[in-house]
Amino acid sequence: MLERRSALENDLQQSGRDGAKGDRALKLGEVRGWSLVQAAGFPTEAAEFEAALSSLVGTGLPAKVGDGVTAQGRTIMRVGPEHFWILGPEKDDLAERLSQAVAPTVGSILPLSHSRTRIFIEGAAAREVLAKGIPFDFDAGVFKIGQFALTGLHHTPVLVHRTAADRYEIYAMRTFAHSIWEWLTDAALPVGYEVVK
Amino acid sequence: MMKGSSYRLPQGGRIDRSRLLSFTLDGTRINGFAGDTLASAMLANGVALVGRSFKYHRPRGLMAAGIEEPNGLLTLGEGGRQEPNIPATMTDLVEGLVARRQNGWPSVEFDLMAVNSLASPLLTAGFYYKTFMGPTRGSWMFYEPYIRKAAGLGEGTYEPDPDRYETRNEFADVLVVGAGPAGLAAALTAGRSGARVVLVEQDSDLGGSLLSEPIENVAATWLHQRKTELQDLPNVRALTRTTAFGLYDGNTVALIERRDHLSPDPKKGEARQIVVTLRARAIVFATGAIERPLVFPNNDRPGVMLASAARSYLNRFAVAPGKRAIVATNNDSAYRAAFDLAANGLAVTIADLRGEIDEKLRAIAARHGIELRAGTAILDIEGGKAVKAARLGPVGRSDAGELRPCDLVCISGGWSPTVHLTSHGGIKPVYREDIAGFVPGGFARGQYGAGAVLGTLGLEASILDGAEAGAQAASHAGHAATAVSLLSPAVEGEGRYAIAPQWQVQSAAHGKAFVDFQNDVTVKDIAQAHQEGYQSVEHLKRYTTLGMGTDQGKTSNINALAIMAGLRDVTIPEAGTTTFRPPYSPVALGAIAGRSVGHHFRPVRLSPLHDWHLANGAAMTPAGPWMRAWYYSWAGKDAAEAYVKEMDLVRHGVGIADVSTLGKIDVQGPDAAEFLNRIYVNGFAKLPVGKARYGVMLNDDGLVLDDGTTTRLSETRFFMTTTTAQAGEVMSWVEFLLQAAWPELKVHVASLTDEWAAMAVSGPKARQALALAFPREDVGDNKLPYMGALEFTHDGVPVRLIRLSFSGELAYEVYTPADHGIALWEHILKAGAPLGIKPYGLEALASLRIEKGHVAGLELDHRTSLDDLGLGKMAGKEKPYIGKELRHRPLLQAPERWSLVGIECLESDKRLRGGSILFLKDDKIEGHGRGYITSVTWSTELNKYIALGLFSGGLRHEGEEIVCAYPIKGEQVRARIVSPHFIDPKGERLYA
Numbered sequence: 001m002l003e004r005r006s007a008l009e010n011d012l013q014q015s016g017r018d019g020a021k022g023d024r025a026l027k028l029g030e031v032r033g034w035s036l037v038q039a040a041g042f043p044t045e046a047a048e049f050e051a052a053l054s055s056l057v058g059t060g061l062p063a064k065v066g067d068g069v070t071a072q073g074r075t076i077m078r079v080g081p082e083h084f085w086i087l088g089p090e091k092d093d094l095a096e097r098l099s100q101a102v103a104p105t106v107g108s109i110l111p112l113s114h115s116r117t118r119i120f121i122e123g124a125a126a127r128e129v130l131a132k133g134i135p136f137d138f139d140a141g142v143f144k145i146g147q148f149a150l151t152g153l154h155h156t157p158v159l160v161h162r163t164a165a166d167r168y169e170i171y172a173m174r175t176f177a178h179s180i181w182e183w184l185t186d187a188a189l190p191v192g193y194e195v196v197k
Numbered sequence: 001m002m003k004g005s006s007y008r009l010p011q012g013g014r015i016d017r018s019r020l021l022s023f024t025l026d027g028t029r030i031n032g033f034a035g036d037t038l039a040s041a042m043l044a045n046g047v048a049l050v051g052r053s054f055k056y057h058r059p060r061g062l063m064a065a066g067i068e069e070p071n072g073l074l075t076l077g078e079g080g081r082q083e084p085n086i087p088a089t090m091t092d093l094v095e096g097l098v099a100r101r102q103n104g105w106p107s108v109e110f111d112l113m114a115v116n117s118l119a120s121p122l123l124t125a126g127f128y129y130k131t132f133m134g135p136t137r138g139s140w141m142f143y144e145p146y147i148r149k150a151a152g153l154g155e156g157t158y159e160p161d162p163d164r165y166e167t168r169n170e171f172a173d174v175l176v177v178g179a180g181p182a183g184l185a186a187a188l189t190a191g192r193s194g195a196r197v198v199l200v201e202q203d204s205d206l207g208g209s210l211l212s213e214p215i216e217n218v219a220a221t222w223l224h225q226r227k228t229e230l231q232d233l234p235n236v237r238a239l240t241r242t243t244a245f246g247l248y249d250g251n252t253v254a255l256i257e258r259r260d261h262l263s264p265d266p267k268k269g270e271a272r273q274i275v276v277t278l279r280a281r282a283i284v285f286a287t288g289a290i291e292r293p294l295v296f297p298n299n300d301r302p303g304v305m306l307a308s309a310a311r312s313y314l315n316r317f318a319v320a321p322g323k324r325a326i327v328a329t330n331n332d333s334a335y336r337a338a339f340d341l342a343a344n345g346l347a348v349t350i351a352d353l354r355g356e357i358d359e360k361l362r363a364i365a366a367r368h369g370i371e372l373r374a375g376t377a378i379l380d381i382e383g384g385k386a387v388k389a390a391r392l393g394p395v396g397r398s399d400a401g402e403l404r405p406c407d408l409v410c411i412s413g414g415w416s417p418t419v420h421l422t423s424h425g426g427i428k429p430v431y432r433e434d435i436a437g438f439v440p441g442g443f444a445r446g447q448y449g450a451g452a453v454l455g456t457l458g459l460e461a462s463i464l465d466g467a468e469a470g471a472q473a474a475s476h477a478g479h480a481a482t483a484v485s486l487l488s489p490a491v492e493g494e495g496r497y498a499i500a501p502q503w504q505v506q507s508a509a510h511g512k513a514f515v516d517f518q519n520d521v522t523v524k525d526i527a528q529a530h531q532e533g534y535q536s537v538e539h540l541k542r543y544t545t546l547g548m549g550t551d552q553g554k555t556s557n558i559n560a561l562a563i564m565a566g567l568r569d570v571t572i573p574e575a576g577t578t579t580f581r582p583p584y585s586p587v588a589l590g591a592i593a594g595r596s597v598g599h600h601f602r603p604v605r606l607s608p609l610h611d612w613h614l615a616n617g618a619a620m621t622p623a624g625p626w627m628r629a630w631y632y633s634w635a636g637k638d639a640a641e642a643y644v645k646e647m648d649l650v651r652h653g654v655g656i657a658d659v660s661t662l663g664k665i666d667v668q669g670p671d672a673a674e675f676l677n678r679i680y681v682n683g684f685a686k687l688p689v690g691k692a693r694y695g696v697m698l699n700d701d702g703l704v705l706d707d708g709t710t711t712r713l714s715e716t717r718f719f720m721t722t723t724t725a726q727a728g729e730v731m732s733w734v735e736f737l738l739q740a741a742w743p744e745l746k747v748h749v750a751s752l753t754d755e756w757a758a759m760a761v762s763g764p765k766a767r768q769a770l771a772l773a774f775p776r777e778d779v780g781d782n783k784l785p786y787m788g789a790l791e792f793t794h795d796g797v798p799v800r801l802i803r804l805s806f807s808g809e810l811a812y813e814v815y816t817p818a819d820h821g822i823a824l825w826e827h828i829l830k831a832g833a834p835l836g837i838k839p840y841g842l843e844a845l846a847s848l849r850i851e852k853g854h855v856a857g858l859e860l861d862h863r864t865s866l867d868d869l870g871l872g873k874m875a876g877k878e879k880p881y882i883g884k885e886l887r888h889r890p891l892l893q894a895p896e897r898w899s900l901v902g903i904e905c906l907e908s909d910k911r912l913r914g915g916s917i918l919f920l921k922d923d924k925i926e927g928h929g930r931g932y933i934t935s936v937t938w939s940t941e942l943n944k945y946i947a948l949g950l951f952s953g954g955l956r957h958e959g960e961e962i963v964c965a966y967p968i969k970g971e972q973v974r975a976r977i978v979s980p981h982f983i984d985p986k987g988e989r990l991y992a
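For the protein sequence lines, the chains are A and B, in the order given.
With the numbering used here, letter number 67 in the first sequence gets 67, and the count goes up by one each step, no holes.
With the numbering used here, letter number 228 in the second sequence gets 228, and the count goes up by one each step, no holes.
Not one of these hints is a red herring.
Pairs of lysine-lysine residues, derived as DSSO-like cross-links and limited to a Cα-Cα distance of at most 30 angstroms, are as follows:
#1 K691/B - K830/B
#2 K144/A - K197/A
#3 K27/A - K268/B
#4 K986/B - K691/B
#5 K944/B - K986/B
#6 K686/B - K986/B
#7 K830/B - K91/A
#8 K27/A - K91/A
#9 K910/B - K924/B
#10 K884/B - K873/B
#11 K197/A - K268/B
#12 K388/B - K323/B
#13 K267/B - K21/A
#14 K91/A - K64/A
#15 K986/B - K838/B
#16 K830/B - K783/B
#17 K21/A - K197/A
#18 K21/A - K227/B
#19 K268/B - K21/A
#20 K873/B - K986/B
#21 K27/A - K267/B
#22 K524/B - K385/B
#23 K197/A - K267/B
#24 K130/B - K524/B
FYI, nobody ran anything at the bench for these hints, they're computed from the structure.
Turn these sequences into a full structure, and let the hints guide you.
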């Protein structure tokens, strides 16, 4: 298999930095070993499309944009009225099975596993750091675990997914990944961060 | 040490006498206490002079104790941290502070520039528009440098700022602006409802006007209790040293949070200032009011200050600004200053401009031993660098009056509600006769006011206001709240106003009567503006510069428009106010920029092959947001040398270039072919599966939007490429069309620019190279003809080959998912090594296509049409497509339109330059000429400079000699118009 290389290969070799108080309140790193499929139904075929998709992922689909549902090792996000992102394991035959189950007149299937870099930020100071660049209300009572936001960071579109109480995953465009990583580590400097290799 | 200074009171104040701080003023070390501002520390040390005025270089002292201070602007810091024009009243004293007074040379104490005062009749409003106009037209540029040097107050620095600034976003249910009594009541009420409350206060402490109450009285106790309560509410955040400087749509407020008092270390990532964009469901404006001065001759002398300022220095900072005070006022509020000054041992005389004075106030004054004179005004002040005496006389009679020695004059012309922020949304303030001031003209939905900003000047009423507003705001934000009564302190003599406005004291004295202290604008200037026809407040402002200083007229605007109204004989509402715009007070641009500095002023976009280029001798160059490989060291030591060698390799061997930056779009659906057919000028509906086609798309206006290649992968799937520069725009365009123009079409589009890495393998040996790289695939001409596509798996990963050429040679684009990009690139280089394959960069890429006559971004600038580019024959005749109608409009068919030509240089010792203006041989070389050069390169094939350009009449002039003029360098070069297809015009190499 031809070698895979992350956009953050060099960045992840860096060591972390101590914060102003001498501690490291955050962990930063990249999530590897996953696949992403975008599946979208045409409006007139929405019901048929969602039934097929739901059946293949083995769970009901999230009702509104911003909600994520996890089942059978995959997370399904509704990223548009008829658009879904399915995140699964790196080796996943879901894209092929979806292409067979969903006729071109019903919807479209598109693998996008390489188009995004998946960066995680973890720690009590995570919200404070994200607030520096993302115009979104990350208050723990407002943006709950499992929800995601389609928003922007450093003039690029990002998807931010809250996966645990103090953990957020940022899907940055791969070509902007290094720039986003530089921005994040700079924003995290006052509180200090560890780079998880 | 403080011993020996008679200005600091032995006790009282909110300063911490256990923490002595030392700072330098003009190089001299002096001391103050923690809790002092630079202003109060200066006063405590008997420094009466804080600077020299803007125009006249008059000696000036502190006028105020807050953000409205017009005189006490100092330069703080050194080196890269030097900052001019900072109000001393808003600067926390910190250990080691370096401060310098401004605008006096050689010193503020002894300023030679004060000679300006003698020339003052010449320096009235608009003097620079009337003088310095001659004797010749060019004279102004002679005077300008001298005027520029003399102008301004402080000086900045060119050294880089070492400090760190940040920005952040914040969200709240209720934002309360101002932490005076009304704001505190609002924040507490909203906070008790459970709402997320943010309270912002520009001062270093919460309390507002209450901070100037004597610390032992009930108001101070009330304040202390409210602060404690607020701290106990976890859902309330109080931000001090934070100014709300702008109100924007959608209940969005911009804040500037200052942290200089913490001595932040930029190396540790500590920010000195932070700009916060706060979005609130509801906002309560409790911004208070600002006192205004009285206008009379020499009212700008050091020692003349606002009555409330004297009270602040006294009660908050324990500084008595003098020994013998005269308090002149047209309202009741100044009496509190008089009482407190007397209680601290000063001899006090009150000159009340009003004829009638309230009995209660008379009684309290008498109790304090204060001399009270009704119907009396200050007609003049004596003393240059410090007040020595005030001339008191009866109101209405402007003659002599009686000279009274004093060293402190406290003036109160009334209070102006601070309506700046509430007016940013465009709701103009309205005048209220009863308080002789402007109040907000209304509030947008979800916005409320409370306290002095509404003209409520009593403590109890302000607190009630605040509680009510806080409850309404919290309810609006979805948290039911009631205005629980907050017991308000009963303070003697407080809460009365009874203003009888006197905008200008009539006096026979000849001295200047200042209205705007910062910009040195006097009553005479206003009269002159009126006389010369600049009568509207907007003209008054700009002609006299009144209200245009860093204080933005906080103490001068109302007095000025009232005086102008009087001159025009109109009412004050008829005169109106100027427009309030953000920022409320100055904000450093660095703070707004935050961390978008250096190369992060915008994000940087990198190809998946970026790291390989860096590791293998590529020089990188920015191309829009991208960094691209410009040329490689194997080919030469600089661009000029390298690109020639790289071009040569592609023309005679095989090279590989990174083209991952091209836009790539997935187009899927049963109507995909129809969609493409509508947006490209040429036909795509019948494109066979496995074939690519070059396409051009137009804007609605008939001009070219972009070109690219689209490949059909199946009946319902297409792979579209765009130029690098237009990728984003085309993506937005196709999304717009599918959502708004043709929502009935069943097509989905998605960007694949980041999903795939892309490489161009180009040159006569390109096929052989790919055959070596992919030995299990048939990449021969039959299987992969010109404009054919092939998909296969190599070593477990998908690879797509499309045979098309930008360079004009036999060429292929190779696509693979981005993470595999470098591995595949290295594989091709290794496999093709026996053929001498090497990488080539952007410079060569761009130059190769010029030789071929391919248009690119420089020609596709949204001003050129299909016909201009010589591509008119591409367009389908029958089918509809975007831009079809307007393509044929007369303007785009005009025969003299600038259209694409090739240009070859005729002078072997000269070069062609992009942007050169083109003329026919016998034209006069002036004006816009007949066209310009769009793209230039040295052609290795033809051994001369060649270019593409746009020329009036285009190839009708083929063969004619032209002149390429480059006026910036004074060059003119002879050239000839030729076909733009310099090499291989029949395209034989493409079909090899």
